[in-house]
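If you're matching them up, the sequences are chains A and B in order. Mapping to the working numbering: the first sequence position 98 is 98, numbers consecutive. Position in the second sequence (from 1) plus 295 gives the number in the working numbering.
A portion of the hints provided could be inaccurate.
[Claimed, not checked] Calculated lysine to any residue pairs in the SDA-like style (CA-CA distance at most 20 Å, straight line): (1) B:Lys438 / A:Ile7; (2) A:Lys170 / B:Asp518; (3) B:Lys531 / B:Asp518; (4) B:Lys412 / A:Lys170; (5) A:Lys170 / B:Arg431; (6) A:Lys170 / B:Lys531; (7) A:Lys170 / B:Met406; (8) A:Lys172 / B:Lys531; (9) A:Lys286 / B:Asp402.
Quick caveat, the hints were computed from the structure, so don't treat them as lab data.
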Amino acid sequence: MFELLGIPPQALFGQLLLGLINGSFYALLSLGLAVIFGLLNIINFSHGAQYMMGAFVAWMLMTYAGINYWWALLIVPIVVGATGVVIERVMIARLYHLDHLYGLLLTFGLALIIQGLFRNQYGVSGLPYSIPTELSGGTNLGFMFLPNYRAWVVVASAVVCFGTWFAIEKTKLGAYLRAATENPTLVGAFGINVPRMITLTYGFGVALAALAGVLAAPIYSVNPNMGADLIIVVFAVVVIGGMGSILGAILTGFGLGIVEGLTRVFYPEASSVVIFVIMALVLLVKPAGLFGRTA
Amino acid sequence: MREAISPANGATPLLAVRDLQAWYDESHVLHGINFDVRPGEVVTLLGRNGAGKTTTLRAIMGIVGKRSGSVQFEGNELIGQQPRTIARQGIAFCPEERGIFSSLSVDENLMLPPEVKPGGLTRETVLEMFPNLRERLTSQGTKLSGGEQQMLAIGRILRTGAKFLLLDEPTEGLAPVIVQQIGRTLIQLKNQGFTIVLVEQNFRFAASVADRHYVVEQGRVIDTIPNADLDANIDKLHAYLGV
């Protein structure tokens, strides 16, 4: 069997796959953040908590109602997205006339409250959520063993990311969204209901986080801190990609997952900080991010 | 000075503005604007920079901080309504900065404003009116020249079916040949029954298209000059505009 720089291929591809899986979650979550930031101009700090809610609601549907994974993929984003709609209408909408910082503080507070409530109810030890039978097992690719569920996560995430990108960049609805991101006043003066669009956009961004939570449930244990752990990295991804850039969020998400995986192979000690090192370098060289437009 | 608000030609005003006041944050910009626009007319708001012409249009549209007084369109009071419901009654606004979206292609910009009334111009008619746009449909909106952006900004609101247009300095910073083209377009629109309120600094251009001119100074309409009497009032107008 061939070796690359003294690394056995199983280890290399194994870590690459792991990087791709992490990248899938980075991409889905940073995409939601980018969509929300673009139109609402707030940094949705409760994104991690909403991702965690996605995993928990999937677990609850399974545990209390016997509703399986596939239905959860559909129901959870709608349910958690609806909570986002309520939060936007009742709370965030009151802050648009203030500095962006207030939106960040509000969503940060919400994240702490949501996590606290779940921690209180379910503890921190983590709840099991099994892989759906259709996706259990794996495939031997010759050079490595590919667990089916993990392959599904990568494909599903890529499809959702591409679909979102397409909807925003290539459709009429997306044109409204892009226009309202640039100049909401003028779009409103054309007769379009911009506040409703903002509400639905927030709901959609939250639904993306919840969908990521459902995808994550069978891989990571379902626990109240799962979002808090992940979201800091995701913020770094968003900064590297460029605030508000849809394509930037997706490509940077997948790319950094892979970079992180490779670092784990070649220099494991750096794997947990490599993304932040890249963030610092990008901020020094290109403060608007790799795909960001300078204002 | 002739009375502008007389129902001389039997037409009741399409737009009646009474004691319109407007504020941006704490600054009080309009101090009681009064004027009328009858169906099918082109009227201009003339005045120096900062007189309140742009704010008047924005106040009609409902996109100022705060406003009071009365703006009646087809007998409906617009004060207190949201910009989007004002637009839905058939009023279209073309801002001074043109408002072309850089993240949208020319075609997307053109197709963006939704239809608010039946009978708007088709995309094809707009492209016949402004042939320059046809070759640039896939370009980024803001890659167009200033004149082309202005054509796009006017063209896209003609699609909506709104027959009442608020145009803020459509000729600003444009080459004379483009100004002439826009002038011809406005006359064409007037002949098709559009009603237009035009903010202008260039009163020669204003004189070539308008029925009547309102002179705005310090947030008030201080004079009304029918276009036919413009020559007789030219010295007065020069004094108003400081040219």
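Taking the hints in turn, this is what the structure says about them:
1. B:Lys438 / A:Ile7: violated, 50 Å
2. A:Lys170 / B:Asp518: Measuring from Cα to Cα gives roughly 50 Å; hence the hint is violated.
3. B:Lys531 / B:Asp518: holds, 10 Å
4. B:Lys412 / A:Lys170: Violated: Lys412 of chain B and Lys170 of chain A sit about 26 Å apart, past 20 Å.
5. A:Lys170 / B:Arg431: holds, 17 Å
6. A:Lys170 / B:Lys531: violated, 54 Å
7. A:Lys170 / B:Met406: Between Lys170 of chain A and Met406 of chain B the Cα gap is close to 13 Å, so the pair holds against 20 Å.
8. A:Lys172 / B:Lys531: Given pair Lys172 of chain A, Lys531 of chain B is violated - Cα atoms ~50 Å apart, limit 20 Å.
9. A:Lys286 / B:Asp402: Judged against 20 Å, a Cα distance of about 31 Å means the pair is violated.
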